[in-house]
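Protein sequence lines correspond, in order, to chains A and B.
Basically the working numbering = 1-based index in the first sequence + 10.
Basically the working numbering = 1-based index in the second sequence + 10.
By construction, these hints were calculated from the structure, which means they are not laboratory data.
Watch out, some of these pointers could steer you wrong.
As the list makes no split between identical chains, a pair holds if one copy fits it or if it spans any two.
List of simulated lysine to any residue pairs, SDA-like, C-alpha gap at most 20 Å [to be verified]: (1) 251 x 127; (2) 30 x 210; (3) 84 x 142; (4) 256 x 280.
There are 2 protein chains.
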Amino acid sequence: MEAWFFENQTGNFGIKIRIKSVLLHEFSDYQEITIYDTLEFGKVLVLDKAVMFAEKNEFVYHEMLGLVPLFSHKNPERILIIGGGDGGVVRECLKNPFVKHIDLVEIDKKVIDVSKEFFPEIACKLEDRRVRILAEDGIEFVKRINEGGSEDEKYDVILVDSTDPVGPAEGLFRRDFYEAAAGSLKDDGIFTAQTESPFFNQNLIKDVGKIIKEIYAKSSLYCASIPVYPSGLWSFTAGSKKYDTKVINESYNNFDFGRFEADLKYYSPEIHSSSFILPNFIKEILK
Amino acid sequence: MEAWFFENQTGNFGIKIRIKSVLLHEFSDYQEITIYDTLEFGKVLVLDKAVMFAEKNEFVYHEMLGLVPLFSHKNPERILIIGGGDGGVVRECLKNPFVKHIDLVEIDKKVIDVSKEFFPEIACKLEDRRVRILAEDGIEFVKRINEGGSEDEKYDVILVDSTDPVGPAEGLFRRDFYEAAAGSLKDDGIFTAQTESPFFNQNLIKDVGKIIKEIYAKSSLYCASIPVYPSGLWSFTAGSKKYDTKVINESYNNFDFGRFEADLKYYSPEIHSSSFILPNFIKEILK
């Protein structure tokens, strides 16, 4: 048998992954959900025809979105994750020693359910007592906190683990959302969002970068290599009210990153800093 | 019209690029040569069904193979490039202020000819008076220098700009070639070869790394993001008899990298060093 899944990543470029079987194909209230078992990457989660992650290299995206912002914050106790129903970013965040509470606001409960069923190694921390799962719209959620939330309800770090800026995630790339998110952060809070490919989505990176720069005292972009994402290089945009996200906060000076050695397949203190060192063509985008 | 070029990058993963036209399709004595005009990447050179480079992002590979080794060498006057008939690495090497002579040993003269015709911006320095083009087998060439070459004939830097380790380039990934290359270098020489994808070709990287480590005083691996190559992340293995390839040699302390600002789209002094900072899963390969 030779069967392939094709993803059109731009109108003019795509990837193909050879599949062993289709493990799931359903339509939730929000999107088309497919899980393939593949020869190259193990099981792969596909939402609205775009690969979200593959078992074999999900560690890159989840470690880099989860760990970089958290380890640049002095004491990230309260975390908000918008999207990320698969649980990969939750799993990474819980490696930070300060984390006391994570709110996971995922609009599509179905993603959480299928992840628990098919990706137990990714969803493994969704039942942790520190994690509260809210199946609702992340945009409405931060607007509510921003407009009426008490200081205690605000977050140390907000992470946006969204799909591409079409369909359910479209609003997560708009100024009103970014402003409400900033208002839902404490005075030393850090915001980080996935912001697509530096090769294919330069306008998006430029536009988001401008807004984040206006809203936050410090803004920055970092990158990581993810084979199943368009172009293989992915960007994250960070806005910070106080801390320099490029460096690990000194509160971790005595922290033993080695305790996670087998667990951390991409992230390390050296990668933390070097992921902010950008090739000239990416620096040009941000000018 | 909707037509696509497909490349099977592994047996179970591939890419597709939408084409506007087929500009050339010929068989040389060594390989199948195809040039497509594409919507996403401009013109693309394909050898034996594998993308060699795309106009729109060739700068990454050519800058990183050409500039990293040269700027870690104190005074790289004599350069040998094996393969690279397109001229991209020659173009980059000539940005180094010490370079006096480049021997380009490309087995397939046809690649040089089509590059001059279809990629004038890449082949632009092939007629430079410092460049000598030899259409012959790079393996035989270094064996000859190694066995009977005078000290003057030896090189400061040898760069291997090869196709994948199947077909004409197979011998360029073997120990006898690496040893002959080392013997064709001066006492402070640097050797660098492209060594495929850290996600897909871990055995190759491990095997080449072991041999280079045995032959050279210093060995190292660095990476760069190339969207049209398998997994989007590419590796280069460097062996050095004296210099630390991870750092720019102090002979460039007063060198103005800014003079190439518009020219250098990927490489910078900061990228030079950070490209050697490897994610944990790549460090594991090299253990």
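Okay, the hints, checked on the actual structure:
1. In the homo-oligomer, the alpha carbons of residue 251 and residue 127 never lie at most 20 Å apart, since the shortest distance is 38 Å inside one protomer and 53 Å across protomers.
2. For the homomeric pair residue 30 and residue 210, the shortest alpha-carbon distance between copies (19 Å) is at most 20 Å, but the shortest distance inside one copy (29 Å) is not.
3. In this assembly of identical chains, the alpha carbons of residue 84 and residue 142 never lie at most 20 Å apart, being 23 Å within a copy and 58 Å across copies at closest.
4. Both within a single protomer and between protomers do residue 256 and residue 280 lie at most 20 Å apart by alpha-carbon distance, with minima of 11 Å and 14 Å respectively.
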